[in-house]
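For the record, the sequence lines run as chains Y and R.
For the first sequence, position 89 (counting from the first letter as 1) is numbered 89 according to this note's numbering, and the numbering increases by one without interruption.
For the second sequence, position 36 (counting from the first letter as 1) is numbered 36 according to this note's numbering, and the numbering increases by one without interruption.
Worth flagging that the hints you see were computed from the coordinates, not collected in a lab.
Keep in mind it's a predicted model, so treat the numbers as computed, not measured.
Honestly, I wouldn't trust all of these hints.
Chain Y side only, calculated, beta carbon under 10 Å to chain R, not exhaustive [to be verified]:
(1) E81
(2) R85
(3) R92
Computed list of lysine to any residue pairs in SDA-like fashion (alpha-carbon distance at most 20 Å, straight line) [what the hints assert, rightly or not]:
(4) K70/Y x P57/Y
(5) K98/Y x H12/R
(6) K109/Y x Y176/R
(7) K98/Y x W31/R
(8) K98/Y x S274/R
(9) K94/R x E15/Y
(10) K42/R x V25/R
(11) K109/Y x R175/R
(12) K94/R x E226/Y
(13) K109/Y x L184/R
(14) K94/R x P161/R
(15) K98/Y x L184/R
(16) K94/R x D58/Y
(17) K98/Y x Q177/R
(18) K94/R x K109/Y
(19) K109/Y x E166/R
(20) K98/Y x Q277/R
(21) K109/Y x F45/R
(22) K109/Y x V257/R
(23) K109/Y x K42/R
(24) K42/R x V257/R
(25) K98/Y x I271/R
(26) K76/Y x R175/R
(27) K94/R x V56/Y
(28) K109/Y x I271/R
(29) K98/Y x I80/R
(30) K28/Y x E220/Y
(31) K98/Y x K42/R
(32) K109/Y x L164/R
(33) K98/Y x V257/R
(34) K98/Y x F97/R
(35) K98/Y x E166/R
(36) K94/R x G14/Y
(37) K94/R x M59/Y
(38) K98/Y x V160/R
(39) K98/Y x K94/R
(40) K98/Y x I33/R
Virtual Cβ for every residue (Gly too), placed ideally from N, Cα, C.
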Amino acid sequence: MTILETNSLSIWYGEKQAINNVSVKIAKHKVMAIIGPSGCGKSTLLRTFNRMNDFVPDMRVQGEVLFQGKDIFSRKIDPVEIRRRIGMVFQRPNPFPKSVRANIVWGPKVNGYTGDMNELVESSLKRAALWDEVKDRLDDSALNLSGGQQQRLCIARAIAMQPEIILMDEPCSALDPRATSRIEDLIGELRSSYTIVIVTHNMQQAARVSNELLFFYDGELIESGETKKIFTNPAKARTQDYITGRFG
Amino acid sequence: MSRRKLREKIFHFFAFSFSWLSVLVLLLLVWSILRDGLHVLKPHFFTSFPSRFAAKAGIYAPLIGSLWVMTLTAIISIPIGVSTALYFEEYAPKNRFADLLQINIATLAGMPAIIYGLMSLAVFVRYLGFERSVLSASLCMSLLVLPTIIIAAQGSIRAVPINLREAAFALGARRYQVVFGQVLPAAVPGIMTGIILALSRAMGEAAPLILLGALSYVAFVPKSIMDSYTVLPVQIFNWVGRPQEAFHDLAAGAIIVLIVFLFALNFGAVIIRSRFQRYK
Chain Y
1 MTILETNSLS
11 IWYGEKQAIN
21 NVSVKIAKHK
31 VMAIIGPSGC
41 GKSTLLRTFN
51 RMNDFVPDMR
61 VQGEVLFQGK
71 DIFSRKIDPV
81 EIRRRIGMVF
91 QRPNPFPKSV
101 RANIVWGPKV
111 NGYTGDMNEL
121 VESSLKRAAL
131 WDEVKDRLDD
141 SALNLSGGQQ
151 QRLCIARAIA
161 MQPEIILMDE
171 PCSALDPRAT
181 SRIEDLIGEL
191 RSSYTIVIVT
201 HNMQQAARVS
211 NELLFFYDGE
221 LIESGETKKI
231 FTNPAKARTQ
241 DYITGRFG
Chain R
1 MSRRKLREKI
11 FHFFAFSFSW
21 LSVLVLLLLV
31 WSILRDGLHV
41 LKPHFFTSFP
51 SRFAAKAGIY
61 APLIGSLWVM
71 TLTAIISIPI
81 GVSTALYFEE
91 YAPKNRFADL
101 LQINIATLAG
111 MPAIIYGLMS
121 LAVFVRYLGF
131 ERSVLSASLC
141 MSLLVLPTII
151 IAAQGSIRAV
161 PINLREAAFA
171 LGARRYQVVF
181 GQVLPAAVPG
191 IMTGIILALS
201 RAMGEAAPLI
211 LLGALSYVAF
221 VPKSIMDSYT
231 VLPVQIFNWV
241 GRPQEAFHDL
251 AAGAIIVLIV
261 FLFALNFGAV
271 IIRSRFQRYK
């Protein structure tokens with residue numbers, strides 16, 4: 001079942017076109033990886049899905065982005081509502097300069113969550129595989145955690161909003177290999193409950209964590225399909241060149 | 001010794017001597033004031049009104065007057081200054097008009113205080129009819145400190161990392177929630193520093209208040225914001241102008257009180273800063 005799709009989507013930053021006529025379908029409860037060389041538009045596409053691009057001055061969108069069948073760029077849609085339902089994890093861990101607990105609680109609180117906060121903190125941290133490491137220091141500063149723990153806290157923070165989709169923008173690029181592999185394991189566990197779209201630079205990572213793959217080059221979608229199939233038998237020469245490391 | 005190493009030594013020497021030179025001058029000034037003024041700091045100095053007789057004179061009226069004016073100035077200027085900075089940084093469209101306003105604010109920050117005094121005399125005292133009152137003085141002081149507060153607050157709001165904002169927006173927060181929940185708390189230490197600097201400047205300002213009727217013979221303290229008043233710097237100015245040596249010592253005493261005040265302000269700022277930086 002498709003949860004998110006784009007139809008002939010093009011995006012410009014001023015004169016520069018970042019995304020050119022892209023149509024993709026993202027299936028529910030799958031991990032979709034977006035790969036491609038730097039500047040190919042993969043982060044732009046990701047940030048379009050939760051309308052984080054709105055903050056870029058003179059950004060222009062053409063075409064549609066449908067989330068559960070509704071165009072998220074329609075006038076009737078409140079972008080804040082979209083961001084509540086589509087969470088995001090950023091390239092560099094960016095916990096709030098507050099306690100571990102406050103990091104989890106802030107999003108639900110500003111959105112009027114009235115349930116049991118302690119329970120929410122515990123369940124979110126457990127799902128992000130961080131609970132055992134931080135349960136005794138929930139009131140310590142989140143900035144005292146290691147980089148990998150901070151990134152898992154950011155994932156827990158996104159989970160606490162009970163989103164339908166989690167967008168991850170190169171979530172491991174600032175982490176060491178051990179922390180990276182923990183996050184990759186976590187992504188594997190999360191896909192049963194969430195749809196995950198992950199942008200990555202790392203092809204092995206895309207191969208390890210994703211079910212499906214989008215390969216972008218210069219703002220265009222070159223190839224899409226099952227990860228296994230693309231890695232073993234790419235249809236396009238350019239995809240073949242990229243995944244074998246001939247450029248990028 | 002190589003030529004580069006020699007240059008390094010020379011540069012080091014100059015940097016060292018000039019920085020300590022200013023410290024030395026400051027210490028000299030403080031020492032000379034303490035020498036003249038310490039002996040007048042007796043209880044009756046704080047509880048007496050000014051007098052023709054140096055031995056009976058005190059700073060009760062200007063001390064209370066300064067407290068009134070500074071408190072009211074803070075109440076007026078901090079909310080206006082911080083909101084203006086927030087508006088510029090978070091809401092205002094970035095266009096030529098905004099740039100123009102920005103340049104004007106920067107220019108105002110460098111204006112001589114006497115200009116603010118003249119303008120306040122015309123607008124607050126005469127036109128609005130506030131008379132030569134605590135209110136007029138505080139409004140004038142607020143105008144004086146606003147540009148500094150706005151610029152400092154803008155600087156610290158701008159310095160809040162973009163990824164903190166992104167994190168907050170990505171959790172479905174409204175802009176006001178991002179601003180009040182994340183940006184402002186992160187910017188408070190810097191904003192506080194700006195406010196303290198600006199208020200310290202206002203606290204030592206005499207010129208505009210002389211225009212606004214800060215009298216030097218005030219035998220009462222203000223009971224409301226519409227009462228007349230005097231402030232410490234005006235009193236100091238007045239005492240320094242007297243021929244008798246004894247009044248100069250009184251002025252030194254009042255300067256010590258003013259300095260202690262400023263220290264207290266700065267100490268308060270340090271405490272507030274450390275409270276907000278608990279998670280660092």
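So, going through the hints one by one against the coordinates:
1. E81: holds, 7 Å
2. R85: holds, 8 Å
3. R92: Hint holds; R92/Y Cβ to chain R Cβ min 6 Å, cut 10 Å.
4. K70/Y x P57/Y: Distance of about 25 Å is beyond 20 Å: violated.
5. K98/Y x H12/R: Outside the cut-off at roughly 41 Å; violated.
6. K109/Y x Y176/R: holds, 14 Å
7. K98/Y x W31/R: violated, 44 Å
8. K98/Y x S274/R: Judged against 20 Å, a Cα distance of about 14 Å means the pair holds.
9. K94/R x E15/Y: holds, 19 Å
10. K42/R x V25/R: Violated, because 28 Å separates the two Cα atoms, which is more than 20 Å.
11. K109/Y x R175/R: holds, 15 Å
12. K94/R x E226/Y: violated, 45 Å
13. K109/Y x L184/R: OK: K109/Y and L184/R at ~17 Å, within 20 Å.
14. K94/R x P161/R: The hint holds at about 19 Å.
15. K98/Y x L184/R: Cα-Cα ~13 Å, so holds.
16. K94/R x D58/Y: holds, 12 Å
17. K98/Y x Q177/R: Holds, at roughly 15 Å.
18. K94/R x K109/Y: Roughly 31 Å between the alpha carbons, so the hint for K94/R and K109/Y is violated.
19. K109/Y x E166/R: With a Cα-Cα distance of about 17 Å, the restraint between K109/Y and E166/R holds, given a limit of 20 Å.
20. K98/Y x Q277/R: holds, 9 Å
21. K109/Y x F45/R: violated, 54 Å
22. K109/Y x V257/R: violated, 47 Å
23. K109/Y x K42/R: violated, 55 Å
24. K42/R x V257/R: Holds: K42/R and V257/R sit about 12 Å apart, inside 20 Å.
25. K98/Y x I271/R: holds, 18 Å
26. K76/Y x R175/R: Given pair K76/Y, R175/R holds - Cα atoms ~19 Å apart, limit 20 Å.
27. K94/R x V56/Y: holds, 12 Å
28. K109/Y x I271/R: violated, 28 Å
29. K98/Y x I80/R: violated, 27 Å
30. K28/Y x E220/Y: Violated, at about 23 Å.
31. K98/Y x K42/R: violated, 47 Å
32. K109/Y x L164/R: holds, 17 Å
33. K98/Y x V257/R: violated, 39 Å
34. K98/Y x F97/R: violated, 37 Å
35. K98/Y x E166/R: holds, 16 Å
36. K94/R x G14/Y: holds, 15 Å
37. K94/R x M59/Y: Holds, at roughly 15 Å.
38. K98/Y x V160/R: Distance ~14 Å between K98/Y and V160/R Cα, so the pair holds.
39. K98/Y x K94/R: Outside the cut-off at roughly 31 Å; violated.
40. K98/Y x I33/R: violated, 45 Å
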